[in-house]
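In order, the protein sequences belong to chains Y and S.
When we follow the numbering used here, the leftmost residue of the first sequence carries the number 1, and every step to the right adds one.
When we follow the numbering used here, the leftmost residue of the second sequence carries the number 1, and every step to the right adds one.
Any given hint could be a false lead.
Each computed DSBU-like pair below joins lysine-lysine, with the alpha-carbon atoms no more than 35 Å apart [claimed, not checked]:
{"id": "1", "chain 1": "Y", "residue 1": "K23", "chain 2": "S", "residue 2": "K3"}
{"id": "2", "chain 1": "Y", "residue 1": "K162", "chain 2": "Y", "residue 2": "K23"}
{"id": "3", "chain 1": "S", "residue 1": "K3", "chain 2": "Y", "residue 2": "K4"}
{"id": "4", "chain 1": "S", "residue 1": "K125", "chain 2": "S", "residue 2": "K146"}
{"id": "5", "chain 1": "S", "residue 1": "K72", "chain 2": "Y", "residue 2": "K29"}
{"id": "6", "chain 1": "Y", "residue 1": "K162", "chain 2": "Y", "residue 2": "K12"}
{"id": "7", "chain 1": "S", "residue 1": "K72", "chain 2": "Y", "residue 2": "K23"}
{"id": "8", "chain 1": "S", "residue 1": "K156", "chain 2": "S", "residue 2": "K96"}
{"id": "9", "chain 1": "S", "residue 1": "K153", "chain 2": "S", "residue 2": "K73"}
{"id": "10", "chain 1": "S", "residue 1": "K73", "chain 2": "Y", "residue 2": "K12"}
{"id": "11", "chain 1": "S", "residue 1": "K72", "chain 2": "Y", "residue 2": "K12"}
{"id": "12", "chain 1": "S", "residue 1": "K153", "chain 2": "S", "residue 2": "K96"}
{"id": "13", "chain 1": "Y", "residue 1": "K29", "chain 2": "S", "residue 2": "K3"}
{"id": "14", "chain 1": "S", "residue 1": "K72", "chain 2": "S", "residue 2": "K146"}
{"id": "15", "chain 1": "S", "residue 1": "K3", "chain 2": "S", "residue 2": "K73"}
{"id": "16", "chain 1": "S", "residue 1": "K3", "chain 2": "Y", "residue 2": "K42"}
{"id": "17", "chain 1": "S", "residue 1": "K157", "chain 2": "S", "residue 2": "K96"}
{"id": "18", "chain 1": "Y", "residue 1": "K42", "chain 2": "S", "residue 2": "K125"}
{"id": "19", "chain 1": "Y", "residue 1": "K29", "chain 2": "S", "residue 2": "K73"}
{"id": "20", "chain 1": "Y", "residue 1": "K12", "chain 2": "Y", "residue 2": "K42"}
{"id": "21", "chain 1": "Y", "residue 1": "K162", "chain 2": "S", "residue 2": "K72"}
{"id": "22", "chain 1": "S", "residue 1": "K3", "chain 2": "Y", "residue 2": "K12"}
{"id": "23", "chain 1": "Y", "residue 1": "K23", "chain 2": "S", "residue 2": "K73"}
{"id": "24", "chain 1": "Y", "residue 1": "K4", "chain 2": "S", "residue 2": "K73"}
{"id": "25", "chain 1": "S", "residue 1": "K157", "chain 2": "S", "residue 2": "K72"}
{"id": "26", "chain 1": "S", "residue 1": "K72", "chain 2": "Y", "residue 2": "K42"}
Here are some of the chain S residues that sit facing chain Y, going by a computed Cβ distance under 7 Å [stated by the list, open to error]:
{"id": "27", "residue": "R22"}
{"id": "28", "residue": "G48"}
{"id": "29", "residue": "V59"}
{"id": "30", "residue": "L67"}
{"id": "31", "residue": "Q68"}
{"id": "32", "residue": "A130"}
Just so you know, the hints here were simulated from the structure itself, not pulled from any lab data.
A virtual CB, placed ideally from N, CA and C, is assigned to each residue, including glycine.
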Amino acid sequence: MNPKPFEYHAPKSVAEASSLAEKYGTDAKFLAGGQSLIPLMKLRLLSPSHLIDLGRIPGLSYIRDEGHDLAIGALVRMGEIARSDLVRRHCPILSQCAHQIADPLVRNMGTIGGNLSHADPTNDMPAVMVAAGASIVAASGGGSRVIPAGDFFVDTFTTALKGTEVLVEVKVPIGPTRRGAYLKLERQAGDFGIVGVAAVLEMSSDGRCAAAGIALTGVGPTVVKAARAGEILKGAKPDKNVIDRASRAAAEEAQPSGDLRGSAEYKRAMVETMTARAIQAAVRRQAER
Amino acid sequence: MTKVRVSMEVNEQMRDAQIEPRMLLVSFLREELGLTGTHVGCETTNCGACTVLLDGRGVKSCTVLALQAEGKKVTTIEGIGTAENLNPIQLAFWEKHGLQCGFCTPGMILASYELLEVDPDPDEKAIREALSGNLCRCTGYVNIIKSVKYAAKLRKKGVRGMKKGAA
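Sequences and hints are given; from them, build the entire structure.
Here it is as structure tokens:
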């Protein structure tokens with residue numbers, strides 16, 4: 001089925017996009033790669049009267065090593081992230097996550113900006129951003145601001161972005177002492193996950209975790225930050241006992257609900273298993289650079 | 001709703017038309033240009049029968065607006081070979097029985113085309129990964145994988161054209 005008719009706008013700058021959003025308000029939606037939005041429009045779950053295509057705005061498609069951060073432009077495709085040597089070298093969790101999103105054809109269109117702005121609780125990338133303590137840069141005609149990923153995901157399909165703001169960049173912290181892993185349990189290739197777990201550890205030279213971020217996909221109204229699990233890891237050597245306690249805490253912090261992909265009990269049990277595996281995978285990973 | 005102009009290069013030819021903004025790329029190809037080699041299967045971004053190349057990368061054209069292809073290069077199954085001069089991937093699918101009903105085949109071939117451009121000698125894992133967005137309802141996956149492996153060999157040798165003895 002085709003989407004309902006809409007008026008199409010192709011702004012050439014973020015400022016122009018923002019002023020169109022201001023003009024049309026809730027009748028308008030931003031379009032990036034469209035891999036979430038277009039299916040919703042075809043199913044007529046969404047029928048905006050105005051579509052503001054960000055795809056022709058120049059300068060939003062880059063991956064840069066900025067020393068302490070990897071800066072990624074909003075229009076970078078998931079496939080580009082999955083294939084990027086720079087990402088694989090400096091932030092393997094990001095490549096590992098990108099490889100597990102949908103399928104290669106969808107990844108060739110879907111963008112990181114669209115994925116995060118859409119804020120689907122079963123989207124994988126938000127958990128990586130929250131666990132890694134990433135920053136999200138939002139811009140409008142009037143300037144830009146930085147939103148910590150932990151504050152960005154407000155509710156199902158709801159972010160901290162104002163109607164006139166465009167997500168323009170994400171900054172993911174990188175460094176020689178950081179190790180991360182994203183694991184996803186799925187029913188079949190390309191499906192949304194049943195449960196996903198992102199674990200990012202900051203390792204000190206004595207083998208302890210100086211800091212840890214754990215975040216969960218698919219088990220709450222939006223991405224769930226498992227703060228207690230992170231606290232248990234902080235300052236500790238990630239041995240079996242610590243990992244077991246952190247995983248149990250993550251399972252308790254999850255807010256799963258039963259659906260086609262499994263009962264709430266099953267998902268909670270899987271959070272525990274997958275969290276343990278994600279932490280172990282992060283510990284085993286070579287230094288990110 | 002007012003129509004807008006869209007223009008893009010399809011199979012190395014500039015094409016343009018006045019379309020409704022909501023027109024999907026697959027509809028543009030099939031209905032405006034008559035290129036019906038690109039199939040519409042599930043219409044829900046699952047099956048990959050509608051796969052085309054957009055600036056060299058495989059995409060599901062049922063989930064792309066024609067306007068998103070503005071100014072870009074689109075390659076469809078009609079653009080990579082003809083009945084008299086088959087692409088080595090097409091030859092390989094024929095030779096190795098990589099199709100039964102054939103409905104998923106254009107998508108399978110274009111996804112394979114992207115793979116072989118990037119990785120001319122893929123192992124089975126790479127082939128399975130590259131085709132993970134394409135479904136074959138005849139479940140002929142084993143022969144499809146054999147076909148892609150064989151296509152890699154034919155490409156290296158530069159074999160194109162007609163299968164010997166074909167009508």
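Evaluated hints:
no. : hint            : verdict
1   : Y:K23 - S:K3    : holds, 21 Å
2   : Y:K162 - Y:K23  : holds, 14 Å
3   : S:K3 - Y:K4     : holds, 14 Å
4   : S:K125 - S:K146 : holds, 12 Å
5   : S:K72 - Y:K29   : holds, 23 Å
6   : Y:K162 - Y:K12  : holds, 20 Å
7   : S:K72 - Y:K23   : holds, 29 Å
8   : S:K156 - S:K96  : holds, 17 Å
9   : S:K153 - S:K73  : holds, 27 Å
10  : S:K73 - Y:K12   : holds, 20 Å
11  : S:K72 - Y:K12   : holds, 17 Å
12  : S:K153 - S:K96  : holds, 13 Å
13  : Y:K29 - S:K3    : holds, 19 Å
14  : S:K72 - S:K146  : holds, 32 Å
15  : S:K3 - S:K73    : holds, 22 Å
16  : S:K3 - Y:K42    : holds, 19 Å
17  : S:K157 - S:K96  : holds, 17 Å
18  : Y:K42 - S:K125  : holds, 33 Å
19  : Y:K29 - S:K73   : holds, 26 Å
20  : Y:K12 - Y:K42   : holds, 26 Å
21  : Y:K162 - S:K72  : holds, 32 Å
22  : S:K3 - Y:K12    : holds, 20 Å
23  : Y:K23 - S:K73   : holds, 33 Å
24  : Y:K4 - S:K73    : holds, 26 Å
25  : S:K157 - S:K72  : holds, 30 Å
26  : S:K72 - Y:K42   : holds, 23 Å
27  : R22             : holds, 5 Å
28  : G48             : holds, 6 Å
29  : V59             : holds, 5 Å
30  : L67             : holds, 6 Å
31  : Q68             : holds, 6 Å
32  : A130            : holds, 6 Å
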